[in-house]
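Those sequence lines, one after another, are chains A and B.
For the first sequence, the positions run 14 to 340 when my numbering is used.
For the second sequence, the positions run 407 to 1223 when my numbering is used.
Hints are supplied without guarantee of correctness; some may be wrong.
[As the list claims (entries may be wrong)] Derived CB-CB ranges, DEER-like:
hint, chain 1, residue 1, chain 2, residue 2, range
1, B, Met1045, A, Gly203, 39 to 49 Å
2, B, Glu1129, A, Leu320, 21 to 31 Å
3, B, Asp1206, A, Glu330, 46 to 56 Å
4, B, Met1045, A, Ile251, 56 to 66 Å
[Said to hold, decoys possible] Stretch by stretch, here's where chain B covers chain A in the computed footprint (C-beta under 8 Å, at least three residues):
hint, stretch
5, 34-47
6, 126-136
7, 326-332
Hints are computed from structural coordinates only; laboratory data are not their basis.
Nothing here was measured: the structure is a model prediction, and the numbers come from that model.
Virtual Cβ for every residue (Gly too), placed ideally from N, Cα, C.
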Amino acid sequence: MAVSTQGDIGRGLDGLAEVSGRIRGAIESVIEGKPDVVRLALTVLLAEGHLLIEDVPGVGKTMLAKALARSVDCSVRRVQFTPDLLPSDITGVSAYNQELREFEFKPGPVFANIVVGDEINRASPKTQSALLECMEERQVTVDGTTYVLERPFMVVATQNPVEMEGTYPLPEAQRDRFTARISMGYPDPGAELEMLDVHGQSSPLDRLVPVAYADDVRELIEVVRLVHVSSAVRQYAIDLVTATRNHPELRLGASPRATLHLVRAARAHAALNDRDYALPDDLQELAVPVLAHRLLPSSEAQLERRLPEQVVADIVERVPVPNPRHG
Amino acid sequence: MRLTAVAAAATLLSSIGLYPLYDSAKWVVPGFGAVLAAAAAGLLARRFRLPVPVDIVAGLVTMLLYVTVVYTPAEALLGIIPTPASLNGLNELLDEGWQVANKYAAPVPLGPGVELMGTLGIGLVAVLVDFLVVRLRRAAAAGLPLLAMYSVPAAVREESVSWVAFLLGAVGFMGLLLADSSEQVNGWGRPVFTRRWSAAAPREQPGAAALAATGYRVGLTAVAIAVLLPTVIPGIHPRGMFGMGGAGRGGGSGSATVTTLDPLVSLKRELARQDDAVVLTYRTNATERPDYLRMYALDRFDGDRWTYTPLRNGVTNPIDGGALPAAAGLSFAPTQPVNTRIRIERRVRDMTFLPMPYPPVQIAVEGDWRVDPRSLMVYSLRDAAGGRTYSVDSLRVQPTQAQLATASDRAPADITVRYLDIPRQVPESVRRLAMDQTADAPSLYEKAVALQAWFTRSGEFTYDLSKQSPKHVSDLVDFLTRSKRGYCEQFAASMALLARTLGIPARVAMGYTAGTQATDGSWIVRSRDAHAWPELYFEGAGWVRFEPTPSGVVGQGTASVPPYSEPASASEAPAPGAEATPTPSESAGAAGASPGATPGARPDDPDLAGGAELPQESGGWWLSPAWIAVVALIVLIMMAPMTLATLNRRRRWRRAGYTLVLGHARPGEASERPPPGRDEPVPQQARDRANAAWTQLRTDAIDHRLPWRTNESPRATSRRLAEHLRLDAEAEGALGRIALAEERARYAPVPADVESLRADSRLVREAFARSVSWLTRWRARLVPPSALIGFRQAAGRALDAIELLVTRLSRPPRRRG
């Protein structure tokens, strides 16, 4: 539909629509009644980001992570975070090989295309921070040697709300590295009934076969990078982020990395909507999942039980959409 | 202190409205002195912090001291302390003033008694106002005594108080309210800033100044409207008419003249009275049968009935020494002085116009009587004629037929303007009838004679007192063309009207016939002798009486036909025609009377028809140029926003490269295509066009009161509008196209070139109009808010400027301490 001078992006978008449609269909065969969540997960995947799924136990966080991982034919590793998990359990260790008489690097679970970190906030902060380097720089340094991670690389972490027992809150730096945080929410009664029927016999996850190759995903990521973000939209992203920094109800605003993530996610969102340019609408839709988990409410806001999500929604309501001609 | 001064000033300004009560302005000085005395008393009482009741007592005592000092210092102790003698003197003065006030209508001669009354009145109001405003802090209530003072002249005088006096009084009262309010704000002590002054005002200046500026704005606007509005609304024109048609009493205008009964109504009643009571008796030195006794001259035909123009109750028209103004137009006609001594029966009530022969020259009568110089009607605003005896010197005008026939057609302009006026309601048939009946008569006089003959001699008309008094012009037309039955009122009214259509100045006179002569030589006039007759104007003879009503047994019993109004031929010879042998003195008249004898002798004859079409000033107020201008202005003002909006729209499209296409083009039609050959790169033009469409959409949405949010992208806006308004598919599609074009123009690397935008825009506008209430729809069409924004900004700037100016001018001197 789009009139574009960039012919490849036009074709790329067609391919993207097809592949993403397949992946979405696959995930939705497992996670029923949550199209928004699935869509956001896909957005984060295409934006080369990491996804944090936060919710109470038992609503399908792990299921979503595993379904996403399994629908793409790529390496998937799952890490169950527990309080006694060590950093080396994630990154891998150098072990002494008796035969070769040298240290040999045994890659940890982080060496995969999709890493599912289950209940990430049950691990100690030290272990959590082991993920920091690999998430941002897509590399692991062990004993002075740096190993580059494969692409695509995506961490899908699940966590329980902080108030739950036996949890450590994620450090700000770690949270900032997640592109988006989503919460699953309880399924609606119809979907839950259907789930009972399906899950009663066998896990749908078992029947899930990959619908795309890792190469496909890499290609899609390239297509997303071509999506046009006009200066007005970029300005809008900055306006939104700046508003979080000046907001009286927030102690900590969003970082420049948040701006980056926001625009990147907006690209993916636009591409998923078959558009070769990003809109303020994309930013508006993504602002809460992308920004809210990075923000710290001020003590007044905490007293009033104002959640960062509400503050971000307020900001979206208030910041005017830039019109390039009206300045 | 400041409030006291303002209260005194307000009383002074309001008292100016008393000026019409007095014939000189000397009352001003003692009146103002009284105000100052009251203010001083109030200040003193507050200085010593006396209790509230003492305050007003002190004011009253001060007033007493003041009038003692001014009017009876000789009798007073030390010139100031009242003694029984001085009080007595004051009482006598008041008595005298009361008598004068009762004797004369306003303006009354200003003697010491009247002056004392005025001074006391003003002083009491001043004491009250000062007490209410300063002591009780009830500035609004102080308007009541001020209004009472203002309404005295307004009630007494027929013409209300001049607008200047009203303006002064209103401004005084406004000032009082303002001073009181700003005083209160200052006492509150918390500045209230308007947006301008929040930044600009020095901090130590309390916000009362800005508040006062707003107050001035409101107050001055209100006063201006109060003064200007009545001048464009006919009903409450200061010189309101109290014509006698219809209501008769000029509802609440408070004029003394209005107590006169409708003369035509009373005429009918008197004629129909069964007892046939004696109204008046008189003696006269006239040798022949005396003239009619006239009371009223009805000079206005208002379209339905004859009335008289409201009498101007000015200073100049009291009867001064009994001499009356000269009768209009009377020059060469032979006259004979007549003295008539008239005694009105005591039982006669409400007779405020004196019956007397026309034209009166001199009158000796007791009481407050006035004369209307134009009609020589003598009337009173307070006295009645019942029981009075008065003596009138009058002239008996005896023009010859020749004189009348050769009289100039050219009456003075003041006569023709007033007495030829025919309202537009009078149907053309009346005019034709008059022409038909007088076609053979060469001169105006002969036409008049022919008219009278038609009424009295043709046998077509019948005197019938049972007919209803004519209420509308249609009744007169019916009388003239169909029923031909009526009494003197129909005859007189019709003849006067017909005469006017022929170009003869005419009016209807009312009064009594000469009556019947008693054995002792005096004349007795009874109520049945009440009569109406036409008076026609001929240059040289002035107003002369005609008698169209049948007389004698079959008509008005005591009516008499004046000799000059008889057809010349009929009086001289039984057979009409050229065979008549006129007496030498009448040869000129007979020659003129001969039909068609000397057509060239009256070169201005053809003008007769034209003469009837003289100025018609009473053609309805809504046709006056001022009103047309006002209406046009209103229409222009109403249309300005609409026009502006349309122009803006056109300009927007033209800038975006759309040619002006009239008519309804559908989306995608070739006519919508922008002119080719533009050098601009296509993307830029597409962007401009999308922008134009979007701006227009926003304007339309705002005009139709649809919410417009700045935090919405084009896409979100169009979705919300479509859902909110439940647009149909076509309009939704158009809206979507506009939104998409704008979205791509803003955010996409390459804008979409949508050609149907202009048609889409129109579609959407129409859809908007359909989806909102009719009120909103018409508001959007006639006064689109988008166009008003500009006006509003300009008005805001203007008001700011005024505010700045007023505040600068009225900034009170900085206080010490």
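Enumerated hints in conflict with the structure, sorted upward: 1, 3, 4, 5, 6
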